[in-house]
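A.B. asks: Chain order of the listed sequences is A and B.
Under this note's numbering, the first residue of the first sequence is numbered 307, with each subsequent residue one higher.
Under this note's numbering, the first residue of the second sequence is numbered 714, with each subsequent residue one higher.
What the hints contain is simulated information worked out from the structure, not anything from laboratory work.
Remember, it's a predicted structure, so these values are computed and weren't measured experimentally.
Don't be surprised by glycine CBs; every beta carbon is placed ideally from N, CA and C.
Some hints here could point you the wrong way.
Stated by the list, open to error - Which chain A residues stay away from chain B? Per the calculated CB distances, all over 12 Å, these: (1) Q321; (2) R424; (3) D506.
As the list claims (entries may be wrong) - Covered by chain A, according to a simulated footprint, are these stretches of chain B (three or more residues, beta-carbon under 8 Å): (4) 924–930; (5) 935–947.
Unchecked claim - Here are a few chain A residues that face chain B, going by a calculated C-beta distance under 8 Å: (6) G390; (7) R406; (8) Q408.
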Amino acid sequence: MIEVSHVRRAFGTLQAVDGVSFTAADGQITGLLGPNGAGKTTTLRMLYTLLRPDAGSIRVDDVDVLSDPLEARRRLGVLPDARGLYKRFTARENVEYFGRLQGLDEANLQRRVDELIRRLEMQDIEHRRADGFSQGQRVKTAIARALVHDPRNILLDEPTNGLDVMSTRSLRRYLLQLRDEGRCVVLSSHIMQEVAALCDHIVVIAHGRVVASGTAAALLEQTGASSLEDAFVEVIGSGEGLMA
Amino acid sequence: MSAWITVFIKEVRENARDRRTLASALLYGPLVGPVLFAVMMVFIMGQQRDKAEQVIELPVVGAEQAPNLVTWLQQQGVVVQPALDDPEAAVRDQAEDVVLRIPPTYAEHWTQGHTAPLDLIYDGSRTHAATTVRRIRALLETYGRQVAALRLQLRGIAPEVIAPLAVVDRDLATAQSRTGMLMAMLPYFLILSAFVGGMYLAIDTTSGERERQSLEPLLITPVSRAQIMLGKMLATSAYAAASLMICVAAFMVSLRQIPVELTGFALALPLRTALLIVVVVLPIALLAASTQTVVAAMAKSFREAQTYLQFLVLLPAIPSLVLVVNPMKPALWMVLTPLFGQSALIGELLRGQSVSFAAILGCSLSTVLVSMLFAVLAVRLYQSERLAISG
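Make a model of the complete structure from these sequences and hints.
C.D. replies: Structural data, given as structure tokens:
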């Protein structure tokens, strides 16, 4: 469970995040939807302690992110915007390195890596060096390394960016599995179809603020719009940056 | 297992798989010095010896004025060559190193017992001619002294009257101390190899990792930035140290390749001296890694880091050059100054002098201390938000 309340962050004179609050519950997929530049990535970066908020508080499973960032990170599995791999390591070695950094003992580590490779269908790239991986193979490896320590809370920044249709479909299936295991999944996206198809709870962000939140149905009802697209345009104020 | 060990092992392993890193850290870096050094030594020593032992060929203008002098020179092994029309031009055009001109007034002064003039024409700025000029001058002075002694004896005066002093050269330079003088540049090559050996890793593990977008995921793991930095810095140190040891070993081999007949004494780096040198210079691996990590963490991109670090490599040249130009006995301040201390102590070891354990300890401790200060600075840089954000 992740609770964000009144979080603000500025870069120079630019107020990137201007008082964002939301709660992401366990067993749900929460989607942060907004156009490019709305403050989604900055919000996520504050969640996973890479950036410090200027104001506000963030709790991950009742751990205060600001006062105990190491413990908060232990409870998070993160697929950040930057998803570079070590090209001279195989997919398996990439994941193992992060498992060791998470403090897994060797037996536990091998068991987890085997399981992730099976569940993410990575057997074909397990022993191949990451140099020359396709975008889909890279994302799979990045997700495996983010989840190697079996975190209860999972953050994904634009997870389907650059993926082809098949990879996107299998990723969505996997995220639904994680949700059904009772985990708290938060993802950001600027593609409304994706958010609508996947998320139980939608938080619409524009200009650094939460402009609407709820289920897809609730958003429709709230705006009185006839389609989801109209509803989003209605709450954001323009359709700019929302195209898939 | 501590996280910094995990980071250390990963960086050492990953970079060992990169042929370019391996070649620059463990091949070009450490081997350039010893090879260049041996080639330079053979060249310079060969040139000096040639000049010192070569038969002197000396064009003499106005030889008919002083037949006795010319005959004497020939007896001393000088090959007297015919006169030139314009001796100054010949020296200026580098056709001749040195020309002896006997002015027309010579014979007259000589027979009257006055001081007879001789012109030795050469270009003092051309250092390679200096040995020849020195030898000819010595010959002429010897001839002058012999004639003076004869003249005094003719007048019934003991020649000792005009030779109140008898200076005998007793050069105390041992073969090894002479080697040390020649090898004043060697510390520079050793220290350089440490800087070159670690350079690629320092860039790759910071700006390289950020540019390849893998730094952000790494910093999200529940490992403190200090541990991440420590693992990376020590991996850089390990490569620098490996480079250093290869460099010392290469010097042991390359110095033995220089022929004894060229230098007059055997140039060698005995195993004991080599091991002591490794001990003295090893802390430089830490200094190189910590300074390079700081610079790489400050740089905004891989290219920028590369540019800065190429300048940083010139830093260890400063103390070595100072000591080459102005050799001095290692004072306390020098021993305790990183880079300076190592240069001075290696110099002493190469000259065959004993170096006290306290000096090695003091030099190493001060270097480790300075490295730690840089490491602290590197941790601060790692903790800044700017380092983490790749986009």
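A.B. asks: Does each hint fit the structure? Answer for all of them.
C.D. replies: Each hint, compared with the structure:
1. Q321: 17 Å, holds
2. R424: 22 Å, holds
3. D506: 25 Å, holds
4. 924–930: It holds: at least three residues are needed, and the stretch 924–930 of chain B offers 6 whose Cβ sits within less than 8 Å of chain A.
5. 935–947: Held - the stretch 935–947 of chain B has 3 residues with a Cβ nearer than 8 Å to chain A, which meets the minimum of three.
6. G390: 3 Å, holds
7. R406: Status holds, d = 5 Å.
8. Q408: 6 Å, holds
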